[in-house]
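Asker: Here is how the chains run, residue by residue.
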Amino acid sequence: MSTLVALQVGESVKEIQLEPVSRMDLIKYSGASGDFNPIHTIDDEAKKAGLPGIIAHGMWTMGNLAKLFTDYYEEGFMKDYSIRFKGMVFLNDVITLKATLKEKQEKNLRFSVQAVNQQGNEVLKGEVLYHQY
Amino acid sequence: MFKEQIGKQSNKVKNAVERGAVKKFAEAIGDIHPIYIDEETGRNSRYQNNIAPPTFPRTFDYGVIEGLNLPNKGLIHGEQTFHYERPIRVGEEIFCYSKVKNYFEKKGNFGEMGFLVLENYGEDATGSLIFSSSSTVVISEAVRKVLAR
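Those protein sequences? They're chains A and B, same order as listed.
Residues are numbered in my numbering as their position in the first sequence, beginning at 1, plus a constant of 2.
Residues are numbered in my numbering as their position in the second sequence, beginning at 1, plus a constant of 39.
This is chain B alone, in the form it adopts within the complex:
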């Protein structure tokens, strides 16, 4: 049911890197560093602006992949990677989309486990990549049966 989704992708969605959202996120991960929240520190840095924490892209909207129905419960986050061309700056606009990279099944302790690999991308207005990230989500046999109904 997930195999046929491989290669599908969402439409790009424009995301603004909001100052307030970055501050809230920095607080939530206990990293209240001036480079994320203090305007003067940002201005005086090599970035001439505040930047966002490396895992901040978690908050972006990546659009909808038509036909991919993921339950909001029963999934296990197995692996996560981020790749950066440069740090994200507060105030910039990032165009985000998502792609189904892979799906495979493996026998595990809890039956046949499904592994779904989703790749997210963030580009600037000219289409140059700023970051990409990949999430491996583990879907148990039990959850897949419920979805298939």
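For reference, chain A alone in the conformation it holds in the complex:
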């Protein structure tokens, strides 16, 4: 297991490419999170809302992105995690999760994070302030 300590400003943690988004992913997230807004699971409801099809919960993508940091739990924790939702995630989209170290100040590591789809468009972007023990 690598550590965040060794990371230099400008370097990235190992990116993660997710499996294509499936309806079952979103059904599971609805159940686990309690967010049953039907635009995430039922085609007709998504169409009624003016969408071309069901879209992923923004929080599903944000939840996924956090796993870039899970391995480092002995080193520290996410003190601040802020995200702006930039684009919709549709069924079968292939999402890649990325984090790049921007700044190091004593015990705090500031990362810029993003999730991009298979067209290279940002669907979510933000920042993680990782606090080291």
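It is worth saying that the hints were derived from the structure and are not from the lab.
Idealized CB from N, CA, C, for every residue including glycine.
One should not assume that every hint holds.
[As the list claims (entries may be wrong)] Residues on chain B that point at chain A, a partial pick, calculated with CB under 10 Å:
(1) LYS63
(2) HIS72
(3) ILE115
(4) HIS122
(5) PRO126
[Said to hold, decoys possible] Using 30 Å as the maximum straight-line C-alpha spacing, the simulated BS3-like pairs for lysine-lysine come out as follows:
(6) B/LYS112 to A/LYS30
(7) B/LYS62 to A/LYS127
(8) B/LYS51 to A/LYS81
(9) B/LYS62 to A/LYS100
(10) B/LYS184 to A/LYS49
(11) A/LYS69 to B/LYS112
(12) B/LYS140 to A/LYS127
(13) A/LYS69 to B/LYS138
Start from chain A and add chain B according to the hints.
Answerer: Quick look at chain B alone, frame taken from chain A:
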């Protein structure tokens, strides 16, 4: 209609961080890491217990803000932040409440868009903050008209 809600807050609700709920949530975000689900890994960690993923507070009950009627459809989640004093531990009890932080309107591509900022808090039994989170919800003019009826 949302402006007058600024500053209002809900009553605190006790939430238990349930092992099963954490496992289900970790599975749903594809992060089945032993620190979330394996008891031995939790015990041997610096937390001496399993912890919950950073976005897990999404599942908590924050109580009801009297007079705030949000539709369950037609809202767009614009921004989300989490702030932690420390990770959440499986098995602990967290006292959660919610507050209307701000509301403003801005001209956008789809008319006058409303931005509602809700702040959620989670405290331990002594009232010390464990985490806070803030959600910016975008409410279109069309949805507000339906609500005003």
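Asker: Hint by hint, say whether it matches the structure.
Answerer: Now the hints, each set against the structure:
1. A cut of 10 Å between beta carbons decides the hint on B/LYS63: the least distance to chain A is about 4 Å, and the hint holds.
2. With 10 Å as the threshold, the beta carbon of B/HIS72 comes within range of chain A, its nearest partner Cβ sitting at about 5 Å, so the hint holds.
3. Hint status for B/ILE115: holds, given a least beta-carbon distance of 8 Å to chain A, under 10 Å.
4. Look at B/HIS122: its Cβ gets to within about 5 Å of chain A, closer than 10 Å, so that hint holds up.
5. With its C-beta approaching chain A no nearer than about 5 Å, B/PRO126 sits inside the 10 Å limit, and its interface hint holds.
6. Distance hint between B/LYS112 and A/LYS30 is fulfilled; the C-alpha atoms sit about 20 Å from each other, no more than 30 Å.
7. At most 30 Å may separate the alpha-carbon atoms for a hinted pair to count; B/LYS62 and A/LYS127 meet this at roughly 26 Å.
8. Distance hint between B/LYS51 and A/LYS81 is fulfilled; the C-alpha atoms sit about 23 Å from each other, no more than 30 Å.
9. With a CA separation close to 24 Å, the supplied pair B/LYS62 and A/LYS100 stays within the 30 Å bound.
10. A C-alpha spacing of about 20 Å is found between B/LYS184 and A/LYS49, which places the hinted pair at or below 30 Å, so the restraint holds.
11. At most 30 Å may separate the alpha-carbon atoms for a hinted pair to count; A/LYS69 and B/LYS112 meet this at roughly 29 Å.
12. Straight-line distance between C-alpha atoms of B/LYS140 and A/LYS127 comes to about 23 Å, which keeps the hinted pair within the 30 Å bound.
13. Restraint check for A/LYS69 and B/LYS138: satisfied, since their Cα atoms lie roughly 28 Å apart, inside the 30 Å limit.
Consistency note: the structure conflicts with none of the earlier hints.
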